[in-house]
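J.: So you can see what is in the structure, the chains are spelled out below.
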Amino acid sequence: MKPSIRILIAVAVLLPATQLLATTFLPSNRIVRQLAIEPAGSVWIDNPFGSIDVIGGEGTVITVTAQRSIVASDATALKEASDAVTISFEGDSKVRLIRTLMPALRNAHATVDYTIRVPKSVAVKIGSKSADHIRVSHITGSVTVNGFAGTVIMEDVIGASILNIVNGRVIYDYQQNPIAKAEVQAVNADIDVYVPASAKFNWVADTINGDILTTFPIRSPRFAGTIFRGQINGPGGPTINTATMMGRVLLLAKGSDPGKASSMRLNPPEHRPAPSDVMLTPGVKIQLPFHDGDWSFVASVAAIAVGEVRGNAHIQIGAGELELGAVFGQCNVTLMGGPLNLGDVTGLLSAHTGAGDILVRAARLGGEVSTDGGLLHVLYSGGPMTLHSGGGDIIVGQTSGAVDAQTTSGDITITADPRHRTLKVGARTMQGNVILNVSPRFGADIDATIVTSDPDANVMHIDFTGLTVRREQAGAKTRIHATGKINGGGERVELYAEEGDIHISAQTITPVRLANPRR
Amino acid sequence: MSECRVMAENMPLLLTESLDPVQRELTHQHIESCAACASEWEATKETWRILETLPTVEVPARVKQRFLAEISAASEVPANVVPFRRRSAARWLAEAAAVVIVGGSAFYAGYRATPNVGLKPTPAEVTAIQPSYSIAESRVLPAASISPNIEGRPDIQNVQFTDASPSSQQIGVSFDITSHVTVTGKPADKSMVRLLRYVLENEDKMSPSRSRAIDWVRATYSRVDNPDPEITEALATVLRNDEHQGVRIKAADTLQSMQSAMTGGTRDALVEALKNDPNPAVRVKAVEALAKLARSGAVLDPDMVDTLRKKAAQGDENVYVRVKAAEALSSIQPR
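Read top to bottom, the protein sequences are chains A and B.
Residues in the first sequence are numbered from 1 upward in steps of one, following our numbering.
Residues in the second sequence are numbered from 1 upward in steps of one, following our numbering.
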């Protein structure tokens with residue numbers, strides 16, 4: 001081993017040690033209490049920080065063992081925390097509430113780990129913020145767990161259960177065939193369910209980003225959107241619902257090989273194809289400098305950054321971010337939600353996102369770009385373009401082709417390539433301004449309309465003469481309409497703005513020059 | 001114009017030396033400063049001079065007799081008619097009323113006829129080849145020399161933003177009030193911050209648009225190490241209140257780039273936008289901002305966490321918003 005590596009290892013070991021030395025520890029306090037409870041009673045445990053083990057057994061007594069640990073930066077903070085963190089035992093023999101009282105601590109962190117033995121028939125409710133684990137075992141009553149972070153383990157829980165966790169993992173281990181409903185909801189957690197091979201139940205599974213795997217043969221499998229439904233060992237039995245947004249769901253028959261679990265999402269059952277099928281493919285992250293040839297790609301959740309696609313690109317993503325540096329062919333991309341960042345597109349472009357901004361550096365042949373809500377920014381368009389936003393600004397840096405732009409609410413700014421004496425332009429905003437920048441020699445047949453409730457504020461700013469401007473009142477709104485030819489006329493330029501201005505500005509514009517793509 | 005008309009009426013009196021000294025002096029001063037009245041004065045004097053040179057003509061006897069006969073007939077009063085003698089007070093009052101009416105009418109006519117020069121600033125528009133014009137007086141004020149407190153709600157218009165001097169990191173905000181004012185200073189100057197806040201929260205006439213104004217704020221304050229929280233609070237107000245969806249998207253996006261200056265109110269505005277904004281892009285920006293905040297290790301309050309949990313689980317929400325909410329939750333360390 002090189003001396004430098006030894007030194008590095010020594011530093012790595014010593015640094016945490018110095019940190020430990022600088023910290024004051026309070027030796028753990030242990031509390032044991034015994035409380036009477038009826039067999040049909042409820043036990044509620046509210047412990048923000050610390051693990052919880054609930055173990056079912058016989059009898060009519062709850063035995064609570066609580067272990068408190070405090071880490072503080074100094075003696076004062078330690079004392080304060082020690083005084084502040086207490087355990088409260090409330091309720092009666094029907095309902096017992098065991099609560100950790102933990103106000104916000106300065107320069108200290110406290111955890112309380114519980115081991116609670118209860119009669120197995122009681123109902124158990126647990127609330128937690130952060131726990132290494134929450135384990136409930138051998139309970140025949142109902143179980144409710146509401147946590148934020150940690151691993152939830154259910155062992156031999158026979159009663160109905162509802163588990164709700166944000167981050168962590170869920171392990172549900174049935175020792176006998178399930179007879180009651182189970183509802184597992186998670187956000188960023190994998191869910192593993194182990195069930196006897198002979199169990200009969202309905203399985204519902206849902207995930208956006210992960211996979212749905214099982215070693216059981218599934219009867220009547222079907223997808224509705226991202227939700228999978230199937231029957232295990234025939235119809236009937238309780239329903240086990242396993243839903244996690246970003247994690248994966250694994251349903252294993254006890255004794256089976258997890259490696260042989262098959263994916264319901266990758267091998268979906270026969271069903272009528274739907275646009276939402278894109279959500280059945282597991283999520284991925286891709287970073288590539290280039291892709292040779294045509295590229296066709298589908299993913300539910302994806303973060304994609306590709307330098308060049310040396311062919312046509314056909315991409316469908318449920319949710320994510322897509323960045324393509326250059327596409328040397330046609331580009332057809334659809335996102336159900338997320339921003340789109342496209343570079344130089346040599347072929348025809350068709351791009352859509354359900355929510356988010358779209359940036360296109362160059363659409364050499366033009367195309368269609370739309371978002372249900374977001375900003376559209378096309379730096380250069382070499383051909384006819386149709387742009388639509390469900391709400392957001394539209395900017396065309398420079399266009400050599402006709403433009404048809406519409407937004408529900410937002411400004412539209414279009415700059416015409418000065419090398420063209422005339423271009424067909426349509427721009428329509430239901431709330432906002434329209435700004436058209438052209439060269440002083442630009443010729444067009446102008447039809448510009450402002451509809452406004454404030455005619456003093458919203459006006460036409462036109463750098464060309466020869467237009468006829470009329471004002472008329474239409475109910476509470478004023479319609480300002482400018483028509484006529486500029487520079488002798490040309491293609492039709494139709495501009496429409498509600499509650500905004502229209503600018504037709506004569507400017508000295510430097511034409512965009514595109515580099516030839518390297519193939 | 002009305003002054004010229006008054007002067008024209010004064011000219012015969014000036015010729016006959018019937019004007020009082022003050023009026024005479026004023027009339028002369030006006031004639032000296034007004035080319036049209038000078039010309040008129042010359043013409044009047046010429047006419048007067050010509051009238052003096054004309055010969056005296058005797059009235060024919062026949063005409064004279066007929067004239068005197070008509071006068072004497074008109075002056076004969078029938079016996080059964082008793083003339084009313086005007087009382088002196090009534091006459092005085094009538095004269096006073098006439099003066100008031102004539103004076104008032106003259107003032108009104110003059111007021112209406114006088115162009116409203118210099119009182120109302122005309123919004124100037126900027127294009128690349130046309131510089132901004134304002135007929136009002138222009139003033140440049142350093143931000144450091146003005147009070148950061150803006151009294152009342154001044155009506156300012158034609159707001160424009162400039163990087164007055166990029167080398168010295170100076171910025172400028174110009175607007176029309178009773179005159180055209182440009183305030184220059186550093187982005188961190190309190191007066192500049194307050195002015196920007198006022199402009200963002202109150203003014204909708206920015207040139208060329210509010211969207212561009214937000215772009216400018218973003219470009220300016222992303223360069224500043226610790227942007228003033230008042231800027232983010234102003235953006236939060238825009239995010240809450242602006243009807244223009246493009247502007248709201250930009251406000252949320254700009255807030256995302258100013259994490260260090262976020263206040264409780266700013267965070268609340270993001271949470272509100274995530275919960276309620278009808279535009280999915282605004283919700284996307286809001287959830288991205290909260291995700292970034294969570295990744296930075298900031299403590300999110302329970303309402304924020306709850307909103308993120310609900311968004312992640314909301315089946316009818318855009319899937320990207322849900323994924324981003326889940327991503328934000330994955331970064332949160334409960335405290």
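Be a bit skeptical, because a hint or two may be false.
[Claimed, not checked] Result set (DSBU-like, lysine-lysine): computed pairs, CA atoms no more than 35 Å apart in a straight line:
no.	chain 1	residue 1	chain 2	residue 2
1	A	125	B	310
2	A	285	B	186
3	A	260	A	285
4	B	292	A	125
Quick caveat, the hints were computed from the structure, so don't treat them as lab data.
J.: Flag every earlier hint the structure violates by its number, smallest first.
T.: Hint 2 alone not satisfied by this model.
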